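Position chain C against the provided structure of chain V, taking the given hints into account.
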Amino acid sequence: MADLSLSSVPAASASFREALGAPFRSGALFHGKVRIALLLLVPILLLTVFAPLLPIQKPLETNLRAMMELPSIQHPFGTDKMGRDILSRTLAGVQISMLVGASVAAIALVSGMVLGTLAGFYGGKVDRVIMTIVDIFLAFPSLLLAIGLVSVMGTGLIPVILAISLADVPRFIRLQRSQVLSLRSRAFIDAARTVDASQFWLMSRHIVPNTLAPMLVAASIAAANAILIEASLSFLGLGIMPPSPSLGNIVRDGQMYLEQAWWISTLPGVVILLITIGLHFLSDGVRELLDPRARR
Amino acid sequence: MTEYAAKKFLQMLVTVLGIVTLVFFTLRLIPGDAASAMAGDTLSGEALERLREQLGLDAPLPLQYFGYLGDLLRGDLGETITTRIPIAELLFRALPITLSIALATIVLAVLISIPLGTLAAFMVHKGRRWLDNALTGAAMVIDLMPPFWTALVLLLVFSLGLGWFPASGQLNWNDPSSIMLRLALPVIVLSLSQVATLARITRTAVLDVLNEDYVRTARSLGWSELRVLFRHALKNAALPIATVVGLSFGNLLGGTVIVEFIFTIPGVGNLLITGINSRDYQLVQTLIVVYALVFVLINFTTDLVYRALDPRVQF
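Sequence lines, in order, name chains V and C.
8 is the number of the first residue of the first sequence in my numbering; add one for each residue after it.
0 is the number of the first residue of the second sequence in my numbering; add one for each residue after it.
Calculated from the structure, these hints are not laboratory results.
Bear in mind that the values here come from a model prediction, so they are computed numbers and not experimental data.
The beta-carbon is built from N, C-alpha and C at its ideal position, and this holds for glycine as well.
The reader is advised that the hints may include incorrect statements.
To be verified - Listed below are the simulated DSS-like cross-link pairs for lysine-lysine, each with C-alpha atoms no more than 25 Å apart in a straight line:
| no. | chain 1 | residue 1 | chain 2 | residue 2 |
| --- | --- | --- | --- | --- |
| 1 | V | 132 | C | 7 |
| 2 | V | 132 | C | 6 |
| 3 | V | 65 | V | 40 |
| 4 | C | 234 | C | 125 |
Said to hold, decoys possible - Below, a sample of chain C positions facing chain V; criterion: calculated Cβ distance under 8 Å:
| no. | residue |
| --- | --- |
| 5 | 144 |
| 6 | 154 |
| 7 | 159 |
| 8 | 257 |
| 9 | 272 |
| 10 | 289 |
| 11 | 290 |
| 12 | 295 |
| 13 | 299 |
Unchecked claim - Residues from chain C that keep clear of chain V, each with C-beta distances beyond 10 Å, as calculated:
| no. | residue |
| --- | --- |
| 14 | 44 |
| 15 | 45 |
| 16 | 68 |
| 17 | 95 |
| 18 | 98 |
| 19 | 107 |
| 20 | 164 |
| 21 | 177 |
| 22 | 178 |
| 23 | 183 |
| 24 | 229 |
| 25 | 302 |
If we strip away everything but chain C, and leave its shape as in the complex, we get:
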C-alpha cells in the first residue's frame, strides 16, 4: 500500500509541476505582456517600465519561472497587483467557504442519491420499472440544466417568492444557522446535478451486484431482502460509487464559481472573477493553480480510498 501511495504521490507531484508550468507559460503568451494588458491605455513609457519591474517581468523568462517555483515552494503566493494584499491572506478567507460548499454538496448528494439509486435498482430487479424510468428521465434533464439558470429559478421561487432563504448578506461564522440558510440554496443547486450522476451510478452498480451468485446464495439462506440489499449488494457497489464521487468533484469546483457569483458568496470563485475583471494576472495565476491542486489532491485521495476499499487488490 505504501509503495502504491508513494508511486501515486510522485505522479501527482509531476502533474502539479506540469500544471504550474503550463499556467505560468500560458499567461506569458498573452500578446504584449501582463503589464501592458493590466495598464490598458492608462500608462505609457516610463510608468509601464516601472510596472514591469515591479512584476518582475523585466527578468529573462527562465529566471522568472524558477523564481516563481521558488516562491511557491516557500509558500509565498505573492500579492495581488491592484490592491497589494497578500494572496495567501485572501485564500485563507475564501478557501474555507468554497470547500464548505463543496463538502456540504457531496454529503447532501450522497445522502439522497444512494438510497434513491439503490431503490431504483431494487425495483428494476423486482420487475417494476416505473421508478427507474422516472429516475433516469429526471436525472438526464437535471444533468443538462445550466447551473446558473437552475440557481436563478430556485432563487426566484425560494428566496424572492417564498422568502425561505436570504438571497444576499454577510457571512457571519459566529452564527451557524444564518450561514446554513445563506448557503442552503447554492448547495441545493450544486447537489442537483451531483444527485443525478450519483443516483445513476448507484443504480447501475447495485443492479450489477444484485445479479451476482453470492446475492442469490444469500437469498437462498432465507435472509431478508433488506439485509441482502445492505449487507451484500450496497457494500460491493460502494467501489464504483466512491470513484465517481471523487471524479465528479471537478465539475463541482466549476459549479462553485457560478453559484458564488450568483449568490455573492466571497469564496475562491468570486475572487477568480474579480481577478479576471481587474486583470490581476498574479491573482488569476495563483487561483487557477490552487483549483487544480485541490482537484489533483482529491483524485489522489480517491485513488487511495479505492485501493483501500477493495480487498481484492493485492499490494
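Next up, chain V with everything else stripped away, as it sits in the complex:
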C-alpha cells in the first residue's frame, strides 16, 4: 500500500537518474574534461591489463646481462640494478595502485554513506557519537593517520587499503551528513512522510539518491589521493614490500642509484602523476555533467 502511494510522490531520484543517463544519450562522454581523463587513463589501463602479453620481461624476472640500462626499445623505461625491466614493474605497480584506489574509494563511499546518513537523519545521540569520533580522526593529517595505522596493522596490501580507507571515511561521513541535513527538511521529504513512508524508505529512496552525485565526485578524488598515499607509504618502506612492485617502492629502489640511473625513480613517478591527473579531470568532468550549475 505504502509503495503505491509513494511512487506518486515526485521521485527524488529521477533527476539523478536523468543526469546519469544524459552523458550517454547526448554523447557527452566526449565532454572536454572527461575526454582528457579518458585519453590519459584508458591507455594506461589497457597497457596494465595486457601487460602479460607485451613483449617485455616479467616484473620479477632478472637479467644480469642488462643491468642499469638506459631506456631503449627493448626496455622502454630502462632496467634496474638486477636487470629487471622498469616498464614491466611499473605496470605491475599500476595494477596495485588501481586496486588500492578502487578499494579505498568503494569502502570510504559505502561506509561514509551509511554512517553519514544515520548521523544526519537521526541527529541527537547517534549524531553526537558519530561526529565526535569523526572529529578526532580529522585531527590527524591523512598521510600521518595512514602511517600511524600501518604501524599498527603491519605492511602489505590489505593493511594499506584498510589504513587509507579508515583515514578517508571521516571525510565522507561529514560530507554525507551535511547533505542529509539540508535534504531532511525539504518539502518532498515531508510529502513522503505524510503518506506514512518508513524511515528506511525515506533514507534509501529519497535521501541517499539525492546525495550520490557529490559523493561520487568525492570518491574519484579519494581514489587519486589513495594512490598517492599508497605510493608514499611504499616509498617510506611502510606499504607494499619488495620484491612485489608498487609505484612507491620502485621509486624507493631507484633512490640509491639516482646519479647512475635516473630513470628508475623518475619514470614510474611520471606514471603516478598521469594517473592522478586523469582521475582529477574525471572527477571534474563528472561533477560538471551531473551538476549543471558547475558548468561554465
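What follows is chain C alone, placed relative to chain V:
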C-alpha cells in the same frame, strides 16, 4: 573574545583527550601485544614476561591507560624501548628542525602565492585570462605531483646535477648559511604544493572582492588600481587565505615526514620512521600524539586569528 577562546580551548582539550585515548587503545589492539611484536621470535617465555613487565603491559588495561594519562600530564613522555633514551630529549632535538621546515615553507609559500594569486585575479578582472589559465593548470599538476617524486627530481637536478645544494650532511646550528642551504630543497619541495593551493585560494578570494560594490566606489573616487587592489581587495580577501594557510598545515606535516626521509634530516618524521621500523611502540605512540597536538594547536590558533581578523564578528 575570551569567552569564545575559552570555549574553543575546551573543545581542543576534549579532542586531545580523544586523540590520546584513540592512539592508546589502537596500539593495544595489535594481535598479540607490543612486547611480542617487538621481540619477534627472539624472546620467549620468561624473557617475554620480563619485557611485558618493563613495558607495564602486565597491568589491567584501565590502569595502564590512566597511568599513561598521568605520565603525559606530568610531561613524562617515557623512554624509547630499544635505546632507553628519554623521548622528551629526542623531541627536544627533532621538533625544532621539523617546525623550522614547516614554518619556512609557509613563509615562502605565502610570499610567492599571494602576489601570484592577486595578479591572476586582477588580470581576469581586466579580461585577460592567460595568466589565470596558466596558473590554474600549473597549480593542478603541481598539486598532484607525489612529493617524494618531486623531491627526487629536484635532488637530481639541483644537488646531483648542478651541485647547488648539499644532498646530505650534518645540521650545524652554529652555521646558519649551511643550514639554509641544507634545508632549501626540502622547503622548496614542500612549498610547491602549498603555493598551488594558496595561489588558487587567493585568486578566488580576490576575484570575489573585486566584484564588490565598495571596490567600484573606491575606483570611482579615482584611486589608482594598485591602491584599490592592496587597500581594499587584498585586505578583505585575507580572511579565507588565513584560514587555508592554517588548514593546509596538516598536509604540510605529512609532507615533512617524506622530505626528512629523503634528505636524511633528523626531524620528527625520521624519528617516526625509525620508531616504526624498530617496532618501538612507546616512541610511535608519543610521536603520533605530538603530531596531532601540533595540528590541533594550529587549528585552534587559526580559529582565533580568524575571529580576530574579522571585525564583523561580534563577541
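Going through the hints against the structure:
Proximity of residue 132 (chain V) to residue 7 (chain C) is assessed by CA-CA distance (about 22 Å); at most 25 Å being required, the pair is judged to hold. Between residue 132 (chain V) and residue 6 (chain C) the CA atoms are separated by roughly 21 Å; this keeps the pair inside 25 Å, and the hint holds. For a cut-off of 25 Å, the pair hint linking residue 65 (chain V) to residue 40 (chain V) is broken: about 35 Å separates their Cα positions. For the given pair, residue 234 (chain C) sits about 20 Å from residue 125 (chain C) by alpha-carbon distance, which is consistent with the 25 Å threshold.
About 6 Å separates the beta-carbon of residue 144 (chain C) from the nearest beta-carbon of chain V, less than 8 Å, and the hint is met. At a threshold of 8 Å, the smallest CB-CB gap from residue 154 (chain C) to chain V is about 7 Å, leaving the interface hint in force. The beta carbon of residue 159 (chain C) comes within 5 Å of a beta carbon in chain V, closer than 8 Å, and the hint placing it at the interface holds. For the restraint placing residue 257 (chain C) at the interface with chain V, the shortest Cβ-Cβ distance is roughly 6 Å, inside the 8 Å limit, so the hint holds.
Interface hint at residue 272 (chain C): satisfied, since its Cβ lies 6 Å from the closest Cβ of chain V, which is below the 8 Å cut-off. The criterion of a C-beta within 8 Å of any C-beta in chain V is not met by residue 289 (chain C), whose closest approach is roughly 11 Å, and the hint is violated. For residue 290 (chain C), the interface hint holds, the least distance from its beta-carbon to any beta-carbon of chain V being 5 Å, beneath 8 Å. At its closest, the beta carbon of residue 295 (chain C) sits 5 Å from a beta carbon of chain V; the interface hint therefore holds under the 8 Å criterion.
Given the 8 Å rule on beta carbons, the hint for residue 299 (chain C) is violated: about 11 Å separates it from the nearest Cβ of chain V. The non-interface label for residue 44 (chain C) is consistent with chain V: the shortest C-beta to C-beta separation is roughly 24 Å, beyond 10 Å. With a minimum CB-CB distance of about 27 Å to chain V, residue 45 (chain C) clears the 10 Å threshold, and the non-interface call stands. For residue 68 (chain C), the non-interface assignment is confirmed: its Cβ lies about 16 Å from the closest Cβ of chain V, beyond the 10 Å cut-off.
The beta carbon of residue 95 (chain C) is kept farther than 10 Å from every beta carbon of chain V, the shortest such distance being approximately 19 Å. Remark: the non-interface label on residue 98 (chain C) is consistent with the geometry, its nearest Cβ contact in chain V lying 15 Å away (cut-off 10 Å). Separation of residue 107 (chain C) from chain V is adequate, the least Cβ-Cβ distance of about 20 Å exceeding the 10 Å criterion. Consistency note on residue 164 (chain C): stated as away from chain V, and its beta-carbon is indeed over 10 Å from all of that chain's, at 14 Å minimum.
Even its closest Cβ contact with chain V, about 22 Å, leaves residue 177 (chain C) beyond 10 Å, as expected for a residue assigned away from the interface. The claim that residue 178 (chain C) lies off the interface holds: its Cβ sits roughly 23 Å from the closest Cβ of chain V, which is beyond the 10 Å cut-off. Separation of residue 183 (chain C) from chain V is adequate, the least Cβ-Cβ distance of about 18 Å exceeding the 10 Å criterion. Against the 10 Å criterion, residue 229 (chain C) stays outside the reach of chain V, whose nearest CB is about 29 Å from its own CB.
Consistency note on residue 302 (chain C): stated as away from chain V, and its beta-carbon is indeed over 10 Å from all of that chain's, at 13 Å minimum.
Figure legend: structure checked against the earlier numbered hints; hints not met, in rising order: 3, 10 and 13.
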